[in-house]
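Place chain D on chain X using the hints.
Chains as they are written, first to last, in the numbering used here: chain X, 69 to 441; chain D, 19 to 141.
Hints are not guaranteed to be accurate.
[Unchecked claim] Under the rule of at most 30 Å between Cα atoms (straight-line distance), these lysine-lysine pairs were calculated in the BS3-like manner: (1) Lys338(X) x Lys129(X); (2) Lys243(X) x Lys436(X); (3) Lys144(X) x Lys129(X); (4) Lys367(X) x Lys81(D); (5) Lys144(X) x Lys154(X); (6) Lys144(X) x Lys436(X); (7) Lys436(X) x Lys81(D); (8) Lys154(X) x Lys436(X); (9) Lys52(D) x Lys367(X).
[Stated by the list, open to error] Here are the simulated distance ranges between beta carbons: (10) Gly422(X) x Glu30(D): 16 to 24 Å; (11) Glu30(D) x Gly366(X): 23 to 31 Å; (12) Val73(D) x Phe92(X): 26 to 34 Å.
[Stated by the list, open to error] Which bits of chain X does chain D cover? Going by a derived footprint, with three or more residues having C-beta under 8 Å, they are: (13) 94-105; (14) 366-377; (15) 388-395.
Rather than coming from a laboratory, the hints here were simulated on the basis of the structure.
Just so it is clear, CB atoms sit at the ideal spot from N, CA and C, and this is done for glycine as well.
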Amino acid sequence: MTDTSRFSPLHQTHVDAGATFTDFAGWQMPVRYSSDLAEHHAVRTSVALFDLSHMAEIIVKGPEAAAALDYALAGKISDIAIGQAKYSLLLTHEGGIIDDLVVYRTHADRYGIVANASNRYQAAGALAARAGEFDTTVVDESDEVALIAVQGPNSLEVVLGVPGLISDRPISELKYYWSTMGEYRGGDALVGRTGYTGEDGYEIYVQTAHAAELWAALMAAGERFGIVPAGLASRDTLRLEAGMPLYGHELNESILPVQAGLGRVVNLAKEGDFVGREAVEAGPPDGARTLVGLRADGKRAGRADYAVLAADDTEIGRITSGALSPTLGYPIAMAYVDPGLTEVGTDLFMDVRGSRVPASVVPLPFYKRGQTA
Amino acid sequence: MTEPSSLKYTEEHEWVDISEGVATVGITAYAADKLGDVVFVDLPAVGSSVAAGTVVGEIESTKSVGELFAPVQGTVHAVNDAVVASPELVNSDPFGEGWLIRVRFTELPQLLSFEQYSALTGE
Chain X
69 MTDTSRFSPL
79 HQTHVDAGAT
89 FTDFAGWQMP
99 VRYSSDLAEH
109 HAVRTSVALF
119 DLSHMAEIIV
129 KGPEAAAALD
139 YALAGKISDI
149 AIGQAKYSLL
159 LTHEGGIIDD
169 LVVYRTHADR
179 YGIVANASNR
189 YQAAGALAAR
199 AGEFDTTVVD
209 ESDEVALIAV
219 QGPNSLEVVL
229 GVPGLISDRP
239 ISELKYYWST
249 MGEYRGGDAL
259 VGRTGYTGED
269 GYEIYVQTAH
279 AAELWAALMA
289 AGERFGIVPA
299 GLASRDTLRL
309 EAGMPLYGHE
319 LNESILPVQA
329 GLGRVVNLAK
339 EGDFVGREAV
349 EAGPPDGART
359 LVGLRADGKR
369 AGRADYAVLA
379 ADDTEIGRIT
389 SGALSPTLGY
399 PIAMAYVDPG
409 LTEVGTDLFM
419 DVRGSRVPAS
429 VVPLPFYKRG
439 QTA
Chain D
19 MTEPSSLKYT
29 EEHEWVDISE
39 GVATVGITAY
49 AADKLGDVVF
59 VDLPAVGSSV
69 AAGTVVGEIE
79 STKSVGELFA
89 PVQGTVHAVN
99 DAVVASPELV
109 NSDPFGEGWL
119 IRVRFTELPQ
129 LLSFEQYSAL
139 TGE
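So that you can see chain X by itself, here it is in the shape it has in the complex:
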């Protein structure tokens, strides 16, 4: 830990809960509290809490906010309704991915954008630069906002059990990827039915000063469901099972959306220019690798940066994330592989520290809600 480490407003809460910490994008965040497997299973079967206060919240507001975001991002942001949320991408002019983010339309002329902690300044900088031509203002509110995710099939009951959480629209009526503004302890709040676990759940944004009280209230409301706090280790295995990319692993500035299976996130039908359009329309160069899911038998997992091999041992790909799936019980991985090897059922090998582990290409996601092993 260095002097420059940043701490969540919930840091003391996590220390008191016995968390083990890890450095994540310069933040000391809980990696696990007791058992990352137990935390993983709690999300799949009941409910768990994540502190995501390290993530960046950037506000884009003003009369031309929608037009500015249509230009700045890959999706058609002006199309989403007030209260709706949308997963989108911030692209380079070359079509590479600067960040993946969630956009909440909170008002007619105001959007809340959630970016990865590691990309906070790049995302805020790019948004400000791209909004420059428009009548709009970009404000990085990351330091004032805390984020707590409540994830799992019992999450609605837990959120509804928090005293003093006032929402403009009933939280129980929110559909997936919809949100409502609200108030908690006199400060602005936003509740979205969003998440990064492949399970039903809610994300609650409140002012940092009220984060610890909200956390305690959620833990109390979840007691009857056996709620547990969950760390970044379980968050990683959960999102991997759900086939969700993690920036820095599956996504980076040299990957085009279509390579990552995110072609649908880019709206080429929208009128007007947007940053990266030309490059996305041109497509990746011949021979560019594509992201696939891999499944193996046994218990040995391929991990990030391990090679993927063809039958003749030539390297035809690289794993970007991998683990022994806690829900499914077999090893899963996401990997970029050469063209022609992406069909479901293709037999490949993972180089697991020198030994060849057979793996086959399977569809993503590995896990869908309601599915059991």
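Chain D alone, transformed into the frame defined by chain X:
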């Protein structure tokens, strides 16, 4: 569970219990805690020869991979099949049911005392 204070240790965060020419080896609670939930253990074959300080197995958690080093030179006398079937024993009882291998040793190197190991981990 063996009393940790009566065991010997290595800088690789393994414990060694020496009795009648056989060293029982496991990883310490400190190492198990750092790894997180252990989900896979790969151990050497019974009867194989091992050299002190070499990697003879793997201990994998959901997040990372730890190597098992042979702390002594000798022949693998037994491996813990229970921990292969139930790797979580490494977390739940690292100094007892979570033992990994027994080595009939030919030579005993300098090992750390409990006090020396405690100083190493700062715990």
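These are the hints, each one checked on the structure:
no. : hint                             : in the structure
1   : Lys338(X) x Lys129(X)            : holds, 21 Å
2   : Lys243(X) x Lys436(X)            : holds, 17 Å
3   : Lys144(X) x Lys129(X)            : holds, 16 Å
4   : Lys367(X) x Lys81(D)             : holds, 13 Å
5   : Lys144(X) x Lys154(X)            : holds, 9 Å
6   : Lys144(X) x Lys436(X)            : holds, 27 Å
7   : Lys436(X) x Lys81(D)             : holds, 22 Å
8   : Lys154(X) x Lys436(X)            : holds, 20 Å
9   : Lys52(D) x Lys367(X)             : holds, 20 Å
10  : Gly422(X) x Glu30(D): 16 to 24 Å : holds, 20 Å
11  : Glu30(D) x Gly366(X): 23 to 31 Å : holds, 26 Å
12  : Val73(D) x Phe92(X): 26 to 34 Å  : holds, 29 Å
13  : 94-105                           : holds (count 5)
14  : 366-377                          : holds (count 4)
15  : 388-395                          : holds (count 3)
Checked against the numbered hints given earlier, the structure satisfies every one of them.
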